[in-house]
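Protein chains in written order, with my numbering: chain A, 140 to 490; chain B, 140 to 490.
Since the hints were derived computationally from the structure, they do not count as laboratory data.
Glycine is no exception: its CB is placed at the ideal position from the N, C-alpha and C atoms.
Careful, some of the hints might be misleading.
To be verified - Covered by chain B, per the in silico footprint, the following chain A stretches (three or more residues, Cβ under 8 angstroms): (1) 369-382; (2) 414-420.
Unchecked claim - Which residues of chain A face chain B? A partial, calculated answer using Cβ under 7 angstroms: (3) LEU290; (4) PHE291; (5) GLY293; (6) ARG347; (7) ARG351; (8) ALA363; (9) HIS366.
Letter by letter, the chains look like this.
Protein chains: 2
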Amino acid sequence: MKTGEKVERFIRERRLIGAGDTILLALSGGADSVYLLLLLEKLRGELSFSLHAAHVQHGIRGKEAERDLEFSREIAERFKVPFHGIFVNVPEFSRKHHLGLEEGARLLRYRSLRDCLSEIMDKAPERAGGRGKIAVAQHGNDQAETVLYHLFRGSGLRGLRGMEAEKDGIIRPLLPILKEEILSELSERGIAHREDSTNRDLSYARNRIRERILPEAERLNAGALPHILRTAELIGEAEDLLLERAEEIFGKEGEELLEGGELWGLRISVLSLRPLRPILRRTLLLLMSERLSPGRKDWGAVHFDALDRLLFSGNGAHLDLPEKITADIRGKELRLLRHSEVLSMKGRKKR
Amino acid sequence: MKTGEKVERFIRERRLIGAGDTILLALSGGADSVYLLLLLEKLRGELSFSLHAAHVQHGIRGKEAERDLEFSREIAERFKVPFHGIFVNVPEFSRKHHLGLEEGARLLRYRSLRDCLSEIMDKAPERAGGRGKIAVAQHGNDQAETVLYHLFRGSGLRGLRGMEAEKDGIIRPLLPILKEEILSELSERGIAHREDSTNRDLSYARNRIRERILPEAERLNAGALPHILRTAELIGEAEDLLLERAEEIFGKEGEELLEGGELWGLRISVLSLRPLRPILRRTLLLLMSERLSPGRKDWGAVHFDALDRLLFSGNGAHLDLPEKITADIRGKELRLLRHSEVLSMKGRKKR
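If we strip away everything but chain A, and leave its shape as in the complex, we get (with noise of 0.2 angstroms):
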């Protein structure tokens, strides 16, 4: 299949994109994104969505950043792409928040690709219907360069998934193709790009896993990147199995806690936890976790070995668990409680 048509039909299998919908695509002016413009723009009419084009520009690097800006507004304009040029200043936003330039640099990215795809939208009140999506090139060899990062350092099944192809709002519909089938198309064309600018914004880790340890598993088997993409493809459909049927077990189980229809806690019986298979039993506690707390930021590993081993303590046990909320045994069930600013207030006065 060409590579064109193998994006195609990933935005058509996995919905990225709906007729009616503004799509607003981060241009680097590097090959990845040059490429994902000539393709969203091949396809805005047959899909009937608006694409615009944006270039950040961080305020880091100077000449040179100022022709990637103007590369991107001449690619754009030359395929009658809207384009918007976005000024931030990453060292101030960083010094500010205390953050490292890569991470403020990211942040400060969606954060001005978002503004900017709302701007847009408010001015075509005509596509209120449509969603907004802001579009990025990740592909597949940055898949499998998070797939393999996730690996390294412990992140579970939902780490070795990689990125996903729609998340918050952000869409990646190169991620089935590789480096080299996007080269190999643009140099076919005859299209320019700018050095891939963005990937010096790279971590140190990714990129040792870009340069040695990639180059090392394509060298003991030429398929070694499609391998590790369909690996992680495996592993998302096993976890996605894993959620449904911890779903299910929940339905039939377990018990919402509301008052005044605000969710306040959630209720399992113990004995319907303890025979399942560990993993099971695991997926089911973060499905939990995730409904008291979305997002889950604090809670780590430990948090769920200690969930787990309470689930096999006797009536009375209890655990204090990351973003105020407690777990009790209470007569063979299992309860995760929400706690309010107010009750943890009183909590502190009676001691």
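Model the placement of chain B on the given structure of chain A, informed by the hints.
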């Protein structure tokens, strides 16, 4: 937890050794197998199994191999473990069977260990109730190598589980610990070992993973090795769950076709398979193929792809598969049939 305790718990949890068993340890004289000798020797009274050690001389190296044999004999005798020296001719065997030296050595080594174990058990009829098993000293680093090797080659979820703790009468009690733990235990106790000569048997690919990729991964994250092992475990659990679900579905929707007590085919409703998640459908097809053709050594991804596509074909669709198996769609049913030699000869005569 101490290294020895981790291994002991692993043996107990996985029930690798039971009372009355006869364990034949493959003792190369390298650090790993010497450490396993010490551990098993310490456990044999408590778990009441009978322990033997065998050293296989491959007939490849000269003087050095003799020294390995003598070292192995001495250390076994020192710990009062009955010792068996086995001599095989790998170069001759490999030539005769058109195998690479490494593959030949592996086959011949396991074959001679099995023969040795049988002889030991024949001579001890009082142990007739116990099982005989071969213990090999592959550890966590070997497991991480295996996982990466399979990740790069593309092996589906099964390969990513790595080596199994017990398979085909071979047990691997050291999988939960790392090489550095083994070396530090041996040095603490002042126990000598030979340089691991088996390492030199290993293929180019394995060597590259061990020497180039794993150290790089550990540079990125000091816990990379345990993280890879934990991931393999999670993937194993997820696959077990998939297999269990697939068994359940086949139990409900499928049927075995028997004649004279012999299984010659399987059938299952196509309509029950089509709506399943691809990974579950695939697992079910894998399960069916294994029932009909245990071992399935000639089956590859391409056959399962074809079989999966067949499910979405109309009545009358047909597919030839490896090992004299055919698949047909007949009135909303998928039938997998095994053809005997006679049937296929008849088929040939007709043409």
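Hints violated by the structure (numbers, ascending): none
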